[in-house]
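Just so you know, the sequences run in chain order A and B. Heads up, this note's numbering is the position in the first sequence plus 12, with the first residue counted as 1. Heads up, this note's numbering is the position in the second sequence plus 16, with the first residue counted as 1.
Under 8 Å between C-beta atoms, here's a sample of chain B residues computed to sit facing chain A:
#	residue
1	Leu-66
2	Asn-146
3	Ile-147
4	Arg-149
5	Arg-150
6	Met-154
7	Phe-156
8	Gln-158
9	Asn-163
10	Leu-173
11	Ala-174
12	His-177
13	Leu-178
Derived CB-CB ranges, DEER-like:
#	chain 1	residue 1	chain 2	residue 2	range
14	A	Arg-238	B	Glu-140	49 to 57 Å
15	B	Asn-257	A	Ala-130	44 to 52 Å
16	A	Thr-87	B	Gly-127	44 to 52 Å
17	B	Gly-127	A	Glu-234	53 to 61 Å
18	B	Gly-127	A	Arg-104	54 to 62 Å
Read the hints as simulated data drawn from the structure, not as lab findings. If you're wondering where the values come from, they're calculated on a predicted model, not measured in any experiment. Note that the Cβ used here is the ideal one computed from N, Cα and C, for glycine as well.
So you can see what is in the structure, the chains are spelled out below.
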Amino acid sequence: MKFFNDIIACFTNGKYLAAMLDGLWLTFIISLGAALVGLVLGTLVALVGLSKSKHPLMMIPRAICNVYVTVVRGTPMALQLFIMAFVIFAIRGFPQWVTAIIAFGINSGAYIAENIRAGILSVDIGQTEAGRALGLTSGTTMLKIVIPQAIKNVIPSIGNEIIALIKETSIVSMIGMYDLTAAAKDVGSGQNLASYIAPMTVAAVFYLIIVYALTFVVKKIERRLRSGDKR
Amino acid sequence: MISVKNIYKNFENVSVLRGVSCEIEKGERVVIIGPSGSGKSTLLRCMNLLEEPTYGEVWLDGKLVTDPDPYLHPDAIRASKTYASLIADGLTDDEAIKKIKKEDLLQKREGKQMKAVLDKIVAEHHLDINIARRKMGMVFQQFNLFNNLTVMENLTLAPVHLGLKTKEEAIETATALLHRIGLYDKKDEYPSRLSGGQKQRIAIIRALAMNPDAILFDEPTSALDPEMVGEVLDLIRELANEGMTMVIVTHEMGFAHEVGTRILFVDEGHIKEEAPPDEFFKNPKDVRLKEFLSKVL
Numbered sequence: 013m014k015f016f017n018d019i020i021a022c023f024t025n026g027k028y029l030a031a032m033l034d035g036l037w038l039t040f041i042i043s044l045g046a047a048l049v050g051l052v053l054g055t056l057v058a059l060v061g062l063s064k065s066k067h068p069l070m071m072i073p074r075a076i077c078n079v080y081v082t083v084v085r086g087t088p089m090a091l092q093l094f095i096m097a098f099v100i101f102a103i104r105g106f107p108q109w110v111t112a113i114i115a116f117g118i119n120s121g122a123y124i125a126e127n128i129r130a131g132i133l134s135v136d137i138g139q140t141e142a143g144r145a146l147g148l149t150s151g152t153t154m155l156k157i158v159i160p161q162a163i164k165n166v167i168p169s170i171g172n173e174i175i176a177l178i179k180e181t182s183i184v185s186m187i188g189m190y191d192l193t194a195a196a197k198d199v200g201s202g203q204n205l206a207s208y209i210a211p212m213t214v215a216a217v218f219y220l221i222i223v224y225a226l227t228f229v230v231k232k233i234e235r236r237l238r239s240g241d242k243r
Numbered sequence: 017m018i019s020v021k022n023i024y025k026n027f028e029n030v031s032v033l034r035g036v037s038c039e040i041e042k043g044e045r046v047v048i049i050g051p052s053g054s055g056k057s058t059l060l061r062c063m064n065l066l067e068e069p070t071y072g073e074v075w076l077d078g079k080l081v082t083d084p085d086p087y088l089h090p091d092a093i094r095a096s097k098t099y100a101s102l103i104a105d106g107l108t109d110d111e112a113i114k115k116i117k118k119e120d121l122l123q124k125r126e127g128k129q130m131k132a133v134l135d136k137i138v139a140e141h142h143l144d145i146n147i148a149r150r151k152m153g154m155v156f157q158q159f160n161l162f163n164n165l166t167v168m169e170n171l172t173l174a175p176v177h178l179g180l181k182t183k184e185e186a187i188e189t190a191t192a193l194l195h196r197i198g199l200y201d202k203k204d205e206y207p208s209r210l211s212g213g214q215k216q217r218i219a220i221i222r223a224l225a226m227n228p229d230a231i232l233f234d235e236p237t238s239a240l241d242p243e244m245v246g247e248v249l250d251l252i253r254e255l256a257n258e259g260m261t262m263v264i265v266t267h268e269m270g271f272a273h274e275v276g277t278r279i280l281f282v283d284e285g286h287i288k289e290e291a292p293p294d295e296f297f298k299n300p301k302d303v304r305l306k307e308f309l310s311k312v313l
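Bound-form chain A, shown alone (with noise of 0.2 Å):
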């Protein structure tokens, strides 16, 4: 009986209620901004990693790319975060909605550049031919025939990614925002209601909805992509 009225007081106590709304708030923020910034960099470092130029001008950043995805995705992302909020942002008075925001775009962008790479290799090298045979150049064949292929065999990983970045954002308690997951923690503490089952069901109620809602969009999407096809 308890558990129900301690749910019931998540909702109800206005400072319960402020406190997990701030928190769902700085989770929205954070995932917002890192799935922009990872999209933007992840389409980035995709595109370069992709080029075949043999141009200087063009190996040294491939190299950078390389390495950056290689980092990336090779430490663990908590260290990540605390290298970005205890050294390379540890200036007083920067927001730390920021540094979370770069800390988990830069770790996404690395997974997304991944997953935008294997989509526009998955597209039929007949169709960058058929497309330079023409007198195309390698521009134009990629922006007008391979992307628009690529994207539809991307959204549902990207999708995938954005889901998992959601839920990473939890970590941000460790440096000590007042996420989602930080506020059920307070809510649940000794000078609040004393037991955290109640608001950490809320808490994964929430993610999960946040979760499911976006499935359903990258579903809609997908769809209409796919309207075209015969499968």
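Assemble the complex: chain A is given as a structure, and chain B must be docked to it using the hints.
Coordinates of chain B only, in the frame set by chain A:
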């Protein structure tokens, strides 16, 4: 019109073409046959640089579309450091050039003089490959229609985007071509809804929509169900009768005999025999060709 000069093509450690030269004249219909893995498709794909030759040059209408190959220009060899050192060793001009060609001695760093000679060739003769490709249509074994575009968009994308035609002109041309092959009712379909034969015929008119001077066919019927081979061959035959210059890689021997004005037999990276169709099929000289014909005819 298309001139292939001493082309070598190496993939990793496999050498597929080992010094192939041939001339395709305007109005000719050259058919390339050979066993699988002989390099016939690679030769065709080198003509429009879908494969970049390792050595050798490709010329289109007197314009160089590949990088210049120093081995083909004695002036360039004479300007190289390697040549200078061989001459210093006491070799004659003739010996030095022969040795360099035979032992593949030229390296990247041959000094400014050789580069100057090559740059001069580029300045005088170079033609951008993207321009050259507008003049050489290509038809693929796997059709390669653009899957994200409708039939009409497939036909109009390149001419419009390259500024060769206005959208209205391109649609007009495409409409006429679609009527010609009897597929106008498919103009708004996506390629996934067409049969193999329909796809290949549209791929052929996609090449035609660019008003090319020549069309390269890379095994145009090999991926088709048997009952669809006829309709594609009929269309190619029609183009042949209109005088289109063609280079065709195919396994259809009867078709090669009927349509070709000259047949090339490619084997082990060389052109082993080259003759008009009657002579080629009735009186083959090369041993490997005789063997090949006895298997396929």
